Amino acid sequence: MQLKRGLLLLLAAVIAVPIGVAGSGAYFTSTPNAQGVAASAASVPAPTGLAVTRSSDDIYAQASWAAVAADSPVNDGLRAFDYQLERSSTPEFLNPVTVYSGRATSTPDAGKSAATRMLNQTLAIGPTAESPVCAVNAFRGVSCWGAGGLGQLGNAASGSSATPVAVAGGLSEVSTVAVGDRFACAVNADAVYCWGRNQFGQLGDGTTVNRSTPVKVQGLPAGQVAQTLAVGYDSACVVLDEMWCWGRGDRGQLGTGTASNQGFAVRAAAFGDLPISAVAMGVNHSCVLSEGAVYCVGANKLGQKGTGVVQGADEPDALAVSRVSSLTGQQALASGPYSICSAAATTISCWGQNTSAELAAPASALSATPVTTTVTSASSAVQSITMSDGGGCVRLAGDTAKCWGSNANGQIAAGGAVVATPTTVAVSGSGKKIQHIVRGGIASCAVLAATIDGKDGSGVSCWGTGTGTTSTAPDSGSLIQHPAGSVKSMVKVVAHNYAMCVIVGTDPNQQVGSARCMGQSHLMGTGYSNDGAVHWTPETITLLGDTVTDISLSHSSHVCAVSAGQAYCWGQNTSGQIGVAKSTTAYSAYPRLVALPGSGDVTQVVANDATSCAIRNSSVYCWGANTTPALVLSGATQISGMGDQYCALTTDQKVTCWTGVTKTFRAIAVTGIRDVSVGDVACAVRTQGGTLYCWPPTGTTVTTPSASNNAVWVDVEAGLLGKWCARKADQSVWCYIDGDSTRHQDVPGVSGVSGRLEKITITGATTVSVPKPWSTGCVIVNVERVVCSGSQWSQIVSAANNAWTQTVIYPTASKQNPTPSVSLGCARGAKLDTVDLTCSLRAGSTYYYRIKTTESLARWRSPASPTVTLAPRS
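Numbering (this note's numbering), first residue to last: 335 to 1208.
It should be emphasised that the hints constitute simulated quantities derived from the structure, not laboratory data.
Being a predicted model, the structure only gives us computed values, none of them experimental.
It cannot be assumed that every hint is accurate.
Restricting the straight-line Cα-Cα distance to at most 27 Å, the calculated cross-link-like pairs of lysine-lysine (DSS-like) are [claimed, not checked]:
hint : residue 1 : residue 2
1    : Lys822    : Lys916
2    : Lys916    : Lys1165
3    : Lys1093   : Lys822
4    : Lys1186   : Lys789
5    : Lys822    : Lys1149
6    : Lys1149   : Lys766
7    : Lys767    : Lys789
8    : Lys1062   : Lys988
9    : Lys446    : Lys1165
10   : Lys1186   : Lys767
11   : Lys822    : Lys1165
12   : Lys1062   : Lys1093
13   : Lys1186   : Lys446
14   : Lys916    : Lys446
15   : Lys1149   : Lys1186
16   : Lys550    : Lys822
Pairwise CB distance ranges (calculated) [unchecked claim]:
hint : residue 1 : residue 2 : range
17   : Lys766    : Ala647    : 31 to 39 Å
18   : Asn1116   : Val1169   : 22 to 30 Å
19   : Ala1147   : Val1048   : 31 to 39 Å
20   : Val1169   : Ala1147   : 18 to 26 Å
21   : Lys766    : Gly899    : 44 to 52 Å
22   : Asn951    : Lys766    : 49 to 57 Å
Yeah, the Cβ is synthetic: ideal placement off N, Cα and C, and Gly gets one too.
Sequences and hints are given; from them, build the entire structure.
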């Protein structure tokens, strides 16, 4: 039954009388209660009147029910009833969720299911000797190495390479990569690209022509974010709002309801409305993980569906999806050619072919039901699982790994030809931590913690007999180096002593992209604890998406950004500077939405030491210093700040300044201003004539620096310790350093001599842009790379102390490889709550509710109430 828009209607109940329940709904048991009273003397009726209605936005609900009247022979205590409301996404009530437990007779249902933690694979290896190894490198491009005869390296060539080569095609926003049999795919921004072998249409471009450069998968709906990517031998799937698949489908493995190949992406309709958090594909089957259970489709002659039934030799393939027997609480999923394993916290459960102990059990023909093996304890729980031809591996908390199965090519690095018991993988070199591991057909690879260029980092090591392997075991002293890459558009760079963040776009003409940060843990925004560690590889902040238009770093405590017209902050929160009270949270590892008053899009944000401010619809709102977001100033077009000082450019082209969240303003005696910037000095540029003015950040006395005379300036960036840089009308950038240069943070492309105006000169640079406000010396060169110079002040650039040297830090040839990031997402139609990282109900989905009652003294329990169906709004 559909709800009519705008009306709150009670839904008709579908009554299901449980077995053993009398017609009155009372439930009897022969077990006495704690007082020894026989159940035959008591009657606990099922609750009645359950009704559930949807909110107008279709992602929340309200439930109510009638109270149960007390009727009990127990006379020695006060009798009351506790109610338990449950919800399921299936009419059979598989995997029910408890929505409410208590004594009230109504409750809202906001969903509040945990956001799916989806692993963005930064390293992948294929199942055969002709499959490449591919990795997402430090500049979010892809590097591949190994066999390349069918274009599977993606470098516009057809030869093999023992060292990584850059995948062509301008991929610069890659979040995850996957490798199949002589082909590979990657998620780049909001699209999927594939390259290599295309015999069955597995590249998704509508042809069967092999490609040596990436081609965009056709048929995917626009405007949806890829959450999970998986490839099989000759097919691929991506989970957007729903799952879409392409390539080989002759056994029904694409879940489209047909047994045919697909040259374009087609919706995997056989999986229905299941919220999918992981996908695993083999030669002729596919499986998905949904709310702790596993469902499979495709061939079943080796027990790949895990139902306890094996498909007969002449029996046709069943195109329907089957649920794997007895599995609940699973958290990860992987597949080899004909074997599948899922992982819970301490166990793995495997089914399918087992000729080489692929199921982590002594070799046998197959098992059509899951074989469960304990691989670890609760203190070192399973973090991820990987499988390929011959076996698999799990990574455990504590950065160790265990592998099993065939070891004929040294893929496990220890043991005999077959290893049936999951065995710990030993790591050589100074870095012993395995941050990610992937199992291939003839080799294995891992991302290892390592010291790179004198800093703690992470890199790739491979072992076994595959092309490009560096050792017989994982070795942090023998890492693979990625070639330098490029990006399409660096939108903005901001840097301070403790971090650097960039906005990277896909179109040089659009000032929007994704945010990436490197530096101390608390400034990363990607889920790290507040431990002071430094991360030297920029990581994409997935929660902000690719709609970031502004980003700002405080000196050391927190970061704020603007994405899709909303303000977000993260990091340390000693004074409420991330937009919520310290009592709510003293630290946030992920971006939190700042609840600003007013309406309209946020266009700019500034993170200062203990406060933050943003412009929304020409109004400046500030927060921190133990205050909540509040209106400070109206009629502003630009703000700038450093320390605890702010200045704003107003709509009448004047400048007004203030301290923190106060409303005590200082009018600056300048007019006709086009640009303002606050550092240890504050400066502005006048529209007419291009005159540069500066004044003390806490004062109002305006001067024109003598070094700025005889030039027409376009904009200005003020910095620390009396430094400022400004752009001339010819787009050249000039900088002035005031005082003792050895005490100053630096500027790339200048000598560092104090008291002199110098042009930034960097070899090969046709355009240079500098951050606002200026702090640690990083500039964007030619729209595509960041160049910084190092000093004793900066923790984020790799140059000698006090040396006025240039260091290209992003992107550059590097052994650094990002560890797999975890993106947080919700199923199709659900909304992510960025405060507690939970998901709402799914718009457009059907839910089923039931309620039970427990008597407080006797503890007798009623049967479930009749089932109520919550249909989507029409």
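Hint-by-hint comparison with the structure:
1. Of the pairs offered as hints, the one joining lysine 822 and lysine 916 is violated, with about 39 Å between alpha carbons and a cut-off of 27 Å exceeded.
2. For the suggested pair lysine 916 and lysine 1165, the alpha carbons sit about 25 Å apart, so the restraint of at most 27 Å is met.
3. Pair hint lysine 1093 plus lysine 822 holds up; C-alpha atoms about 26 Å apart against a cutoff of 27 Å.
4. A C-alpha spacing of about 58 Å is found between lysine 1186 and lysine 789, which places the hinted pair above 27 Å, so the restraint is violated.
5. Between lysine 822 and lysine 1149, the direct Cα distance comes to roughly 22 Å. Compliance with the 27 Å bound is thereby established for this hinted pair.
6. Proximity of lysine 1149 to lysine 766 is assessed by CA-CA distance (about 17 Å); at most 27 Å being required, the pair is judged to hold.
7. Note on lysine 767 and lysine 789: the hinted pairing holds, with a Cα-Cα distance of about 15 Å set against a maximum of 27 Å.
8. Between lysine 1062 and lysine 988, the direct Cα distance comes to roughly 21 Å. Compliance with the 27 Å bound is thereby established for this hinted pair.
9. Pair hint lysine 446 plus lysine 1165 holds up; C-alpha atoms about 10 Å apart against a cutoff of 27 Å.
10. In summary, the hint linking lysine 1186 to lysine 767 is not supported, as the alpha carbons are separated by about 48 Å, beyond the 27 Å threshold.
11. For the given pair, lysine 822 sits about 31 Å from lysine 1165 by alpha-carbon distance, which is inconsistent with the 27 Å threshold.
12. Proposed proximity of lysine 1062 and lysine 1093 is supported: the alpha carbons are some 10 Å apart, at most 27 Å.
13. Note on lysine 1186 and lysine 446: the hinted pairing holds, with a Cα-Cα distance of about 20 Å set against a maximum of 27 Å.
14. Taking the CA atoms of lysine 916 and lysine 446, the gap is near 23 Å; set against the 27 Å cutoff, the hint holds.
15. At roughly 58 Å between alpha-carbon atoms, lysine 1149 and lysine 1186 are farther apart than 27 Å, so this suggested pair is violated.
16. A distance of roughly 17 Å separates the Cα atoms of lysine 550 and lysine 822; the hinted pair therefore holds under the 27 Å criterion.
17. The given range of 31 to 39 Å is broken by lysine 766 and alanine 647, whose C-beta atoms sit roughly 49 Å from each other.
18. Against the hinted window of 22 to 30 Å, the Cβ-Cβ separation of asparagine 1116 and valine 1169 comes to about 40 Å, which falls outside the hint.
19. A C-beta distance of roughly 34 Å is found between alanine 1147 and valine 1048, which places it inside the suggested range of 31 to 39 Å.
20. Remark: the range hint 18 to 26 Å for valine 1169 to alanine 1147 is contradicted by a beta-carbon distance near 41 Å.
21. Restraint check, lysine 766 to glycine 899: a C-beta distance of roughly 45 Å satisfies the suggested window 44 to 52 Å.
22. Distance hint for asparagine 951 and lysine 766: a CB-CB separation of about 53 Å, consistent with the stated range 49 to 57 Å.
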